[in-house]
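Q: Residues per chain are reported as follows:
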Amino acid sequence: MAIPAWLRLPGAFVLSVLLGMTASSVVLVAVHAPVLETFRAIFDGAVGSWSALESSLVFAEPIAFTGLAAAVAFRARVWNIGGEGQMVMGAFGAGLIALNTSLPAPLMLLAVLACGILCGALWAFLSAALKVWLGVNEVLSSLMLNYVAILWVQSLVYGPWREPGGGWPYSAYFADEARLPSLGSELDICVVVAPVLALALSILLRFSRWGFEVTVVGHSHEAARYAAISVTWITILVMLVSGALAGIAGVQQVSGSAGRLYVLTPGYGYLGILVSWLAGHDPLLVLIMAVFYGILMQGGAALQIAQIDPSLVRVIQAAIILFALAGLTLARRSQSRMHLGKVDRA
Amino acid sequence: MAPSEQGVVLSSICKRFGAIVANDRVDLVLKRGEIHALLGENGAGKSTLMNILSGVYLPDSGEIYLEGEKAAFRSPWDAVRRGIGMVHQHFQLVNAFSVLDNVLLGATDASLRLHRREAADRIEAVGREHGLHVDPHALIWQLTVGQRQKVEIVKLLYRGADLLLLDEPTSVLTPSEASDLYVALRRLADAGKYVVFITHKLHEVMAAADRVTVLRHGRVVASIGRSDASIQKLGSLMVGSSMPDLRRKNSPKSGEIALKVEDAQTKADRGTSGLNGITLDVRAGEILGIAGVAGNGQVELAECLAGIRPLRHGKVWLKDKDISGSDARSRLRYGLRFVPEDRLGMGLVPQFDIVDNMLLRDYRERPLAKGVWIDRALAGKRAESLVRDYDVRTPGVHTAVRALSGGNQQKILIGREILAKPVVFIVAQPTRGLDIAAARAVHDRLLDLREGGAGIILISEDLDEILQLSDRVAVLFEGTVRGIWPRDADRSAIGAAMGGHLLDAA
Chain A
1 MAIPAWLRLP GAFVLSVLLG MTASSVVLVA VHAPVLETFR AIFDGAVGSW
51 SALESSLVFA EPIAFTGLAA AVAFRARVWN IGGEGQMVMG AFGAGLIALN
101 TSLPAPLMLL AVLACGILCG ALWAFLSAAL KVWLGVNEVL SSLMLNYVAI
151 LWVQSLVYGP WREPGGGWPY SAYFADEARL PSLGSELDIC VVVAPVLALA
201 LSILLRFSRW GFEVTVVGHS HEAARYAAIS VTWITILVML VSGALAGIAG
251 VQQVSGSAGR LYVLTPGYGY LGILVSWLAG HDPLLVLIMA VFYGILMQGG
301 AALQIAQIDP SLVRVIQAAI ILFALAGLTL ARRSQSRMHL GKVDRA
Chain B
347 MAPSEQGVVL SSICKRFGAI VANDRVDLVL KRGEIHALLG ENGAGKSTLM
397 NILSGVYLPD SGEIYLEGEK AAFRSPWDAV RRGIGMVHQH FQLVNAFSVL
447 DNVLLGATDA SLRLHRREAA DRIEAVGREH GLHVDPHALI WQLTVGQRQK
497 VEIVKLLYRG ADLLLLDEPT SVLTPSEASD LYVALRRLAD AGKYVVFITH
547 KLHEVMAAAD RVTVLRHGRV VASIGRSDAS IQKLGSLMVG SSMPDLRRKN
597 SPKSGEIALK VEDAQTKADR GTSGLNGITL DVRAGEILGI AGVAGNGQVE
647 LAECLAGIRP LRHGKVWLKD KDISGSDARS RLRYGLRFVP EDRLGMGLVP
697 QFDIVDNMLL RDYRERPLAK GVWIDRALAG KRAESLVRDY DVRTPGVHTA
747 VRALSGGNQQ KILIGREILA KPVVFIVAQP TRGLDIAAAR AVHDRLLDLR
797 EGGAGIILIS EDLDEILQLS DRVAVLFEGT VRGIWPRDAD RSAIGAAMGG
847 HLLDAA
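If you read the protein sequences in the order shown, they are chains A and B. For the first sequence, our numbering assigns the number 1 to the initial residue and increments by one for each residue that follows. For the second sequence, our numbering assigns the number 347 to the initial residue and increments by one for each residue that follows.
No lab work stands behind these hints: they were computed from the structure. Take the hints with a grain of salt, since some may be wrong.
What the hints assert, rightly or not - Incomplete in silico selection of chain A near chain B, CB under 10 Å: (1) 200; (2) 202; (3) 206; (4) 210; (5) 222.
It should be emphasised that the depicted structure is a prediction, and the values quoted were computed from it without experimental measurement. Note that beta-carbon positions come from the ideal geometry of N, C-alpha and C, so glycine has one too.
Input sequences plus hints: build the corresponding full structure.
A: Structure below.
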């Protein structure tokens, strides 16, 4: 089969998404839901108009950051599952400055951002330190720290930081100086920041000494030892960067259109993991996959508005994602096998 | 001839893997009571043929006859049931289990209950009968490598094996253990078993076999009795031409001391010796051979010298500089280069292409590093010139190194380290798994390096290689130096020291 190499991944992706839609339409037919109208509603709701696309990008924004966070760690085979908690701590860091200090305009936002990034990074550092010095598996520690972070912010917004006189578990609104500049009705500046960061990461990973070290550690700890690369140091560094990126997602959530600290919508941290796998841990593809996921989420939201059973929405989303993940994984595997022209002799 | 005397016949066996023909119309006749050697280089098709005989692979065409009766093995179990057993090069034993448990593991009796006492008695009986005594209750990890090999053979005999296949059986043994093995094989043959062993060592054929079949590029090139064979003849049959002459070494120029290590101690990896006080030196322009059976501290010594494993005690000097406290990075900068034995696990990153592997150890130094960036264009040029100079067979420099053959991988690894103009060069198992031509190429590079004035430490389990290249030979045993011999020393003294015995250390 003469499929050009550059076409293999996009081809596999489009094909898998179509297969996922086919599979979910079987379910739709089985429950007598109108197949064509359903997919049309998804399309119209998610990409059919500028405002629809904007809503999709609102979903994509935090996923892009948590996806980049996951990709950086996974490149080094450091399994940071704690994007969720690091994101929540980023939101906390933003709230810490925004609710407790008053600074002039440019400084305030910088301080909010810096504190959010720092808190996300520190939260990740806990897992990194436990891993490199005490041998605790980072999957377990980072996962469990997610719950700690979520409960911590919950206790704040239900308790001391709750808006005085407010009935909901929200903090007071941040001052305008602590808010991210907005673009359009719901989007903020992060929609531009994410691609810039993805490009920077992509260049660093490919062309910098640091990126080379991360890649070597990701492939072989023994080779890293032989090359005098400190696996300990790289693990810590990668976790710090990963936590910082997840922290930005948290800042974006509270300093963006919400403008106050609240118990964040759960899941963006975990979706980052999924998106990173879809993207093969390539920062630029993470962006594309984050947008793709945002479209699916917004499409689902549109369906719910159109009175379609929310559980069916989940079925459609899950089927498409599962097929996409399987298709991309297979395509990548066959690609790497193509490079192995020679068969080992027995 | 009566059918029972026809023996085991493999007739016109063909087997392909993709584009590679591993066995091309191979005929092989095995006789009862005979030790048959299967000789050939790596990739000649020996292992494929034995895997076909033991039911692991199905031949694409060709027949197997067991004493006149046609056999069709669909799985290794079929072969086991017909009395064919194989001892693999890497033992298939559970180290935490006793000999008895290992023998019972996979034994074919269709009974739910394990009759352990009867089994233990039978193991001892089998051992007595064939001169292979092993204690059924000993744990595997407590046994020496030679004893473990006996366990493997007993395991097969216990299951009623009539035909024993041994894949490179002496590669893990000391010379004296190897002689013990030859005696044991002879007893098995005398007891009327079929014995086949795979090897690429010519003297082993002369020492142990009655008959030898030589394979080259998947074809049988000769099948002759030992009385008709000689080392030279077998060698030229195996490589397809007369063997290239060994390059003559000029006498050492005996320069200044390039590397000295004094009372080096470090702790052990699991299952190996640490270093228990090693004192050595190597001079510029000299090759110091380190002989010894695997696991006696070779890996630890090399890694401690390279600075990637901490030394618990002792000192290391590079020329006059005390580098005991220097990290691996500074030792690289000082010109101390190291080729580890684990090529793909450590020396190279298998998924990386040749270009990125050129960067592996030098990406942080000029000229490959430009500030925080790495210069892949320069690495690419280096990769191309290395491919040319070392005759690396590859589709291009952007091929992943895991797709290359072992010999080509080794050329890249050694080439990269030599490119850095080493002052001291430590190389471990440089030719393991390489065919003769590739091994010669590697040896030539080491001799070039020696003539260029580098101090070389050559660690190898292959005593022939050590004796051929080294100016002096040190034997490592249980983390200590058992003695240092001059280049023309007596082979048997060195062999004895490898087993921990001292004859006449100089």
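Q: Now look at each hint and say whether the structure bears it out.
A: These are the hints, each one checked on the structure:
The interface hint given for residue 200 of chain A is broken, as the beta carbon of that residue sits about 13 Å from the closest beta carbon of chain B, more than 10 Å. Because the closest C-beta pair between residue 202 of chain A and chain B is about 14 Å apart, greater than 10 Å, the hint is violated. With a least beta-carbon distance of about 9 Å to chain B, the hint placing residue 206 of chain A at the interface is held under the 10 Å criterion. The beta carbon of residue 210 of chain A comes within 7 Å of a beta carbon in chain B, closer than 10 Å, and the hint placing it at the interface holds.
At about 4 Å, the closest approach between the beta carbon of residue 222 of chain A and any beta carbon in chain B falls short of 10 Å, and the interface hint on this residue holds.
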